[in-house]
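2 protein chains.
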Amino acid sequence: MANRRKNSDEQVPVASRRQFLRGGSALVGGAAASVAAAQAVLAEPSQGANLPPSVPEWMKSPGDPVGSQLYGTPSPFEKSVARNIPKSGDPMFWTSSRTPLQDLDGIITPNGLFYERHHAGVPAIDPAEHRLMLHGLVDNPILFTMEDIRRFPSESHIYFLECSGNPGFKKPYGKTASDLVGLVSCAEFTGVKLSHVLQEAGLRHEAKWIIAEGADAAALTRSIPIEKCLDDALLVYSQNGERLRPQQGYPLRLFLPGFEGNMSVKWLRRLHAVTEPAYSREETSKYTDLMPDGKAREFTFYMDAKSIITRPSGGQKLKSHGFHEIAGIAWSGRGKIKRVDISVDDGKSWKEAQLQEPVLTRALTRFRLPWRWDGGPALIQSRAIDETGYVQPTLADLIDVRGDNSFYHNNAIQPWRIAADGEVTNANA
Amino acid sequence: MANRRKNSDEQVPVASRRQFLRGGSALVGGAAASVAAAQAVLAEPSQGANLPPSVPEWMKSPGDPVGSQLYGTPSPFEKSVARNIPKSGDPMFWTSSRTPLQDLDGIITPNGLFYERHHAGVPAIDPAEHRLMLHGLVDNPILFTMEDIRRFPSESHIYFLECSGNPGFKKPYGKTASDLVGLVSCAEFTGVKLSHVLQEAGLRHEAKWIIAEGADAAALTRSIPIEKCLDDALLVYSQNGERLRPQQGYPLRLFLPGFEGNMSVKWLRRLHAVTEPAYSREETSKYTDLMPDGKAREFTFYMDAKSIITRPSGGQKLKSHGFHEIAGIAWSGRGKIKRVDISVDDGKSWKEAQLQEPVLTRALTRFRLPWRWDGGPALIQSRAIDETGYVQPTLADLIDVRGDNSFYHNNAIQPWRIAADGEVTNANA
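Chain order of the listed sequences is A and B. According to the working numbering, the stretch in the first sequence is residues 1 to 429, in order. According to the working numbering, the stretch in the second sequence is residues 1 to 429, in order.
This is chain A alone, in the form it adopts within the complex (with noise of 0.2 Å):
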């Protein structure tokens, strides 16, 4: 065992930084990971009491028996992770809680933690009691059961959802990654072609728009274009595997790649074939933005490009100089991210982060670019780049184009300064 003294200077041991430099091309794997090894250098070692090869307290005796937990949960040692919820006010207000950004790694979002946006509660529906109703410009109206929709051939994809109020212009001034961007997540979904269900009820040539209903109390509904009822849009029951949790929209939910959140109605039990939309409370009142010119930018149904670096990002702080790994998502509506670059010198330069593979169209991508921090104040930031050549705005270019009266689909970039003493935070606030 070594017990290596703490060299104060740089909080690196120099044995084993002397070592790892050495060893350097040793190392398997691509350039890139190569890259960052090279500069990956250690803190020193916390010199407790307790250590190995001393035997801990939990290899003692033995441990939790299986089945202790039919349905596991995480370890009381995580408790901090949950889903972000406002802190004050009365809790019958709050209509969201979101994905604690900042202490996921990878890509997927474990169902417990998916994000929740709803506007009048989380019903609890009894699946084998809920229909879904196709009717309107058909041939034939159907009601389905939840037995009729699992008949259908089915897809998998891992796709992100985002709320379009993620956040909005006006208050993009939250402490941690989760307060800002907190309502976007991303999963594996299972579901039907929505194109299979309309082709079995024989939609008719003259239906352009598709009013999907919600079976909540608030009857969320929106009015969805046929092409993308005909293209991508799913009705899914599944989420990571499982069915779909109750606060996503269990037993069956509409899924629009790609479409701001609410569009993808939850707790779904209509469908209604028309030739106009339905310019319901959601698209009007709601998920419309003044633009500076007095008029309503309505039916913004795609999400653009975006990203957050999550680790360093808001509320955490960097204990020492030397190595850190930069890492955040991004995303886009319109297909898949080509480029994420990285700048930790307020925007001066930029770096290009490497993208975990596979890379998947219309899912978070995770990012990572090695960076040995000197220890002084810095500010970094991600800016997204999707195949259609979109590049991710700065909030104030974003302010220039829709003006300080919109309220959604804000993707800006979002910068977070770095104290001398390591602590992290929005340099938006």
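Same chains, same label: a pair holds when it works inside one copy or across any pair of copies.
The calculated DSS-like cross-link candidates involving lysine-lysine, where the alpha carbons are at most 30 Å apart (straight line), are:
| id | residue 1 | residue 2 |
| --- | --- | --- |
| 1 | K60 | K87 |
| 2 | K286 | K60 |
| 3 | K79 | K175 |
| 4 | K295 | K228 |
It is worth saying that the hints were derived from the structure and are not from the lab.
Start from chain A and add chain B according to the hints.
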């Protein structure tokens, strides 16, 4: 609303079927999807009393507010979807719980349903106290804290994990897919390449094996060949985005993609670089098979290609004739699944299933085939072929080679029998 009459001959609404066939060419999507869709016919929709547009109870008052579940759980109606544990005996002697494969869709196993296998229960480890010791044939022995490990460059991959006794040779007699091969699950794992950590410590050339030890009361110990350690072996701390669950090795586990599950040592506390394997209990008395020639087949690392139909599968019942999708999962420790064949006539003929993209190396791959059940008895089975060209064997073929003393690494084809009343049972039982 169409109140269509029951067509007792085929249990298919006539108007619906006619429309479906007529509209067949209008479908958007790939050829295989169209074939499937063209064969899709609905069961008779249920004619319950409380149907839309009548308003169900759960729309009449607000549902559960945001934050009623800071960490979400499944719907109470899904209570039966749980880990599958032994039904008798003393719980202290149960050593595994199985994933309910027949209830899942897609390839991701939610963390709460990921299979468990442990040798002395689940230790309750405080991550702040946990240490990983790396010693032996290295220039600098190192004691890592979890913070140290998190400092290294990270990677995320979707991989399956499978126990090598899944099922044993002598008891492929369970009722359900879970009873038979529920000791396989799949998730997105995030961690650090083991090669980075070995490099940091200055691994010496004479090191040929790494002995990995767990911090459970069994101190589970396995010997890992150095080639694997320097290839794709990971030190994993996150699974499906969040930190590992205690049952899966919180706060740190080894992960060896494609290798038998117990080698991916959970609660990892020690890595010892040596020249010879440890010949530990779990690689001599256990996880080794007696061959017909009297020799022991040991160090059987790779899990060979395997598949199982999960729907329809044992314990389920087909409620009507006509279209059913046959769906299942395939995997190989040697790389990607190349093809899955399905037979519905007791192996007389085989048809290629559609694989859900993206097909990932050493991950579950979801396969599907449209099928029209004529209502007669049928014997259905799937056969996986991986990218090395290896073909999943029948149980008889496997026993020909391995004899009848083997217990581990049964990757045989699993046939299901469908009776005329629609009941599905294990055709090997």
